[in-house]
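Number of protein chains: 2
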Amino acid sequence: MIAPDVWFTLYVLAHEGAVHKRAVLTTRKLGDLLGVSQQTASRRVTYCAEEGYVSRVHTANGMLIQLTKKGAKELRRVMTNLELVLVPREEEIVIAGRVVHGLGEGAYYVDAYSPRFHESLGFEPYSGTLNVKIVDDDSRSAINRMKQTPPLIVPGFTYEGRSFGDVVCYRVKVNQKIDGAVVIAQRTHHGQEILEVISEVNLRSKLKIKDNDLVTLTIVPLHRA
Amino acid sequence: MIAPDVWFTLYVLAHEGAVHKRAVLTTRKLGDLLGVSQQTASRRVTYCAEEGYVSRVHTANGMLIQLTKKGAKELRRVMTNLELVLVPREEEIVIAGRVVHGLGEGAYYVDAYSPRFHESLGFEPYSGTLNVKIVDDDSRSAINRMKQTPPLIVPGFTYEGRSFGDVVCYRVKVNQKIDGAVVIAQRTHHGQEILEVISEVNLRSKLKIKDNDLVTLTIVPLHRA
DNA sequence: ATTACTAAGACACGAGTAT
DNA sequence: TATACTCGTGTCTTAGTAA
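Protein chains in written order, with this note's numbering: chain A, 1309 to 1533; chain B, 1309 to 1533.
Don't take each hint at face value.
Said to hold, decoys possible - Cβ-Cβ distance ranges computed for the label pairs, FRET-style:
1) T1334/B - T1524/A: 35 to 45 Å
2) S1471/A - E1427/B: 54 to 64 Å
3) V1408/B - K1455/A: 24 to 34 Å
4) K1516/A - H1409/B: 36 to 46 Å
5) S1363/B - P1529/A: 26 to 36 Å
6) A1420/A - K1518/B: 48 to 58 Å
For the record, the hints were derived by calculation from the structure and aren't laboratory data.
Backbone N, C-alpha and C define an ideal beta-carbon position, used for all residues, glycine too.
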């Protein structure tokens, strides 16, 4: 069994990006991140290297550290266990976030996909998207759970030499009242921080919401056999 | 910052199901799980209770422990962070597993869905499924990553009064050679341990594989814009 | 059975410092 | 600057045992 302190060290290193690339760190910086002294950080990282959880090379000012496969595997094991244990089966998934203004390009895409949305979702969307910025970890977690549920896929197409990719949709109730859908374009414009919501109506006017207002998105599961 | 030891205690408790229900545990059992003595386990759990991470009631033989919202939130935070840090940057997703024999019912369902598979996947599947048992954590993790990618949804239907639910599919290359698809029926027969794979051909004969042989499933991402 | 207190011991930590 | 050694100190652990 891997000791909690070792695990925590790997976790912090991963946070610094040491999973996919070599992170540049000093033992002092690592100590700060771990909440321990430079000396203890040194001992910890030496232990991790000895046990084969990380690979390390020294440089003039600091070290390049990267998790080995063994190290990353430990973290994956924990993540998988947490997913199994925490993710509630058959529980309501609610995402909360704040309304932010978009770049206006949402409307262009909605219009382009409009007939296809109509076909897949059953409504002709209002020409524009409601951009919802995610601000809390519960909602981030809820998004992960949402992504574990079966989505509706709106197939891509080519129009006037331009190709439009598949769009992944999840049906939602906005503020538990208005039907809509979260749409996730493959070419994602806004990291994981902003969700785009479409609906048959103008959500801003219908729900009387403006920038920075809180909205909730309650996932509507696809009908099952 | 929550101490690693405290975190690990919550993690082990979660493992015992203390997230969604009250777990029955003794300090001795918990000590074994944590790799510490009964006394230390007692102190740890007392601390967690004092800090409001768990609620606890004593009974004649052991205690009923459940994570509070605060405690569960800590674990969710870690899970979310791990997901962000570990999950794929455009990395190949490969699942490995062993061939096991099915119950024969796979063929029935494949036949029932056959025209729809043809429509969505582009091939008429061989009448039967290859059941692949997942045996290692890397593959379990890979399955989680697979589920974060956009799937193909084969819509459900009703036939002769019987309803067939949506089926979620992911295109794969079996042993990096034969095109196929992992199909995940909504009414899941085998927990998360077994994946069902369909293909246009009889995979067993084409790849010359038999029960207990190892096969790899390499996810083929949907074409993107 | 349990949980948890006390006291003795182990061992992890960090200051100082060598490299 | 780095990292990492020694070593005194203190904390955390565990054995014994009470409740």
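Hints, one by one, checked against the model:
1. T1334/B - T1524/A: 35 to 45 Å: At 41 Å between Cβs, range holds.
2. S1471/A - E1427/B: 54 to 64 Å: Once the Cβ atoms are compared, 22 Å apart, the range 54 to 64 Å for E1427/B and S1471/A is violated.
3. V1408/B - K1455/A: 24 to 34 Å: 28 Å Cβ-Cβ, so the 24 to 34 Å window holds.
4. K1516/A - H1409/B: 36 to 46 Å: 60 Å, violated
5. S1363/B - P1529/A: 26 to 36 Å: 30 Å, holds
6. A1420/A - K1518/B: 48 to 58 Å: 50 Å, holds
In summary, the numbered hints that this structure violates are 2 and 4.
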